[in-house]
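Line by line, the protein sequences are chains A and B.
Numbering-wise (our numbering), the first sequence opens with residue 1 and increments by one.
Numbering-wise (our numbering), the second sequence opens with residue 1 and increments by one.
Be a bit skeptical, because a hint or two may be false.
[Unchecked claim] Not the full set, but computed from the structure, chain A residues with beta-carbon under 7 Å of chain B:
(1) Asp110
(2) Pro111
(3) Gln114
(4) Gln183
(5) Ile184
(6) Glu186
(7) Leu189
(8) Arg191
(9) Pro209
(10) Glu218
(11) Val224
[To be verified] What follows is a set of in silico ranges between Cβ atoms, one per label pair, in the way DEER data are often shown:
(12) B/Asp111 - A/Gly28: 54 to 64 Å
(13) B/Met109 - A/Asp167: 28 to 38 Å
(14) A/Gln163 - B/Arg80: 40 to 50 Å
(15) A/Thr96 - B/Met109: 55 to 65 Å
(16) A/Asp116 - B/Gly169: 51 to 61 Å
I should point out that these hints are in silico values taken from the structure, not numbers from a laboratory.
Glycine residues also receive a C-beta, built at the ideal position from the N, C-alpha and C atoms.
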Amino acid sequence: MSQFSANLTLMFNEVDFMDRFKLASQNGFKGVEYLFPYDYPADDILQELNKNGLKQILFDLPAGDWGSGDRGIAVQPDRVGEFQDSVGKAIDYANTLNCKRITCLAGIPDPNEQADLNRQTLVDNLKFAAKSLNKKGITLLIEALNTIDVPGFYLTGTDQAVQVISDVSESNLKLQYDVYHMQIMEGDLIRTIVDNFNIIKHFQIADNPGRHEPGTGEINYKNVFNKINELGYDGWIGCEYNPLGDTVEGLDWLAVAERFATTMRTAQGRGTNLGFSCKSDA
Amino acid sequence: MPKLEANIQFLFNEYDILDRYDKAAELGFKGVELQNPYPIPTNEISERLNANGLQQVIINSPVEDPITGINNIPLIPNKRNLYRDRTSLAVEYAHELGCLGVNIGIGQMPDGFATEIVKETLIENVTYAATELDKVGVTALIEPINVLDQPGFFINTSKAALDVIESVGHSNLSLLYDFYHMQIMEGNLAATLKDNIGSIKHTQLADNPGRHEPGTGEINFTFLLNYLDELGYQGWVGCEYFPSSTTEASLDWARKWI
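Based on the provided sequences and hints, a complete structural model is requested.
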């Protein structure tokens, strides 16, 4: 059965980063994820995880200079050295935090560069990263993003990401499927999840438009979760959304989803039909 | 409240075509749509519309190629005259039935022609249909369709359809936005509605995957129907889906909108 992890980059923003672990735990989460741990000593984060009985589910490789607009550096031919260093740094953190999944953001290529070169750089970098992580039993994930929020991002669709994974051909390189990004870019969610289920090793969710809680937009998450459970997914689903209001007040959907998943597990889904409340109904 | 209407080509298949008008009204619908009314004389349809107080919202132009059996006459360069004849029939039916709109057809890419010529043909034909329908006060609609169900369908995204509408530049030509087809092809439903609401004069719905009633798939129609309201949409929403059981049972979700 899948479980939900709280994305501490976007959730519980009412408090400082290091205080978000406690709130996640108090609100029923067993796992957490976020973009980057690197601004904090790994030991301090470990302490928060242990104190609050949380697992570290995932974080991202260092992604360049975020403030200057970098969204990963894996496609950039002149930054291969920096990329390789970043893999070492991520492994150090993952070791301390006992984290088994690391996501690589591909980045925004320079429009003046050759597309072939960007692609080859990405494939080579992912091969390097996957081999390095494999020695530690860590899964490397790549994720397609939408180009409305991240203009110019290199990986923008499921087929493209699947092709890159196939070209890299390392057994621990898998797909992170972000339902929000893919609803913006391509739709057809359930079919895509079913078709690529064997390589999807992490999900992230938010509704669209707005990137808020499930139930606030056009996606019927009850049926998406239902399908993910039916397929036998036993990984994690990251709640990577911007709470519409207060994070805790916005967690109603989670209780419904978890009750539903539990019911499915115990009753093999017979006769269950739970829905999320839709904010616009209120 | 968006006005739901019944596509009686898809719904009420338990009954003969004309009886479907009665059944739709019985279950509370105020409007219906029917792709292919042509086997039935207009006076027989009008009788049912009047008896049941129903609006015939849209019909489709009859665009089946008699040689291949494929619905793509609007794209075939050497069949422009046939398209005009068929358009005349659609105009006659639409006028006599008091239709609000006609889906004037597109179809799958025909063999043996260059894309550019096919596109020119489509634009010429669409212009003609928009002009002829304008004379009787009926809106011409074009609808992009997904290529999983209809491989090779020539116009298969909102943008491609809007580009045709822009090229034609006729005020009587609008977009028919089908949630099901566009969820398969592109997603991002609410944003697409918002960006193009001025060009959308008719919508159709079915959930995905499966093309069944709302609630069976990945689309949150409660949100989207409310969203259409917020955008000030004045048109109808056609229920064009395959009921997962009986038509009547499949309409539970729709009670609050009929």
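Satisfaction of the hinted span 51 to 61 Å by the C-beta atoms belonging to A/Asp116 and B/Gly169: Given about 40 Å between the Cβ atoms, the range is violated.
Outcome for the supplied range 40 to 50 Å, where the beta carbon pair is A/Gln163 and B/Arg80: holds, 42 Å
A/Gln114 as chain B interface residue, shortest Cβ-Cβ below 7 Å: violated, 28 Å
If you take the shortest Cβ to Cβ gap from A/Leu189 to chain B, is it below 7 Å? With Cβ-Cβ at 5 Å, under 7 Å, it holds.
Verdict for B/Asp111, A/Gly28 (Cβ pair) under range 54 to 64 Å: With a Cβ separation near 59 Å, B/Asp111 and A/Gly28 satisfy 54 to 64 Å, so the hint holds.
Does the Cβ distance between A/Thr96 and B/Met109 fall inside 55 to 65 Å? At 57 Å between Cβs, range holds.
Is the interface hint for A/Val224 satisfied, with its Cβ closer than 7 Å to some Cβ of chain B? holds, 6 Å
Is the shortest C-beta separation between A/Pro111 and chain B less than 7 Å? violated, 22 Å
For the hint on A/Pro209, does the least C-beta distance to chain B fall short of 7 Å? holds, 5 Å
Return the status of the interface hint for A/Ile184: holds when the least beta-carbon distance to chain B is below 7 Å, violated otherwise. holds, 5 Å
With a cut-off of 7 Å on the beta carbons, see whether A/Glu218 makes it to chain B. Cβ of A/Glu218 sits 5 Å from chain B, so the hint holds.
Interface hint for A/Arg191, Cβ within 7 Å of any Cβ on chain B: Since chain B brings a Cβ to about 5 Å from A/Arg191, closer than 7 Å, the hint holds.
In summary, the structure is inconsistent with hints 1, 2, 3 and 16 from the numbered list given earlier, while agreeing with the others.
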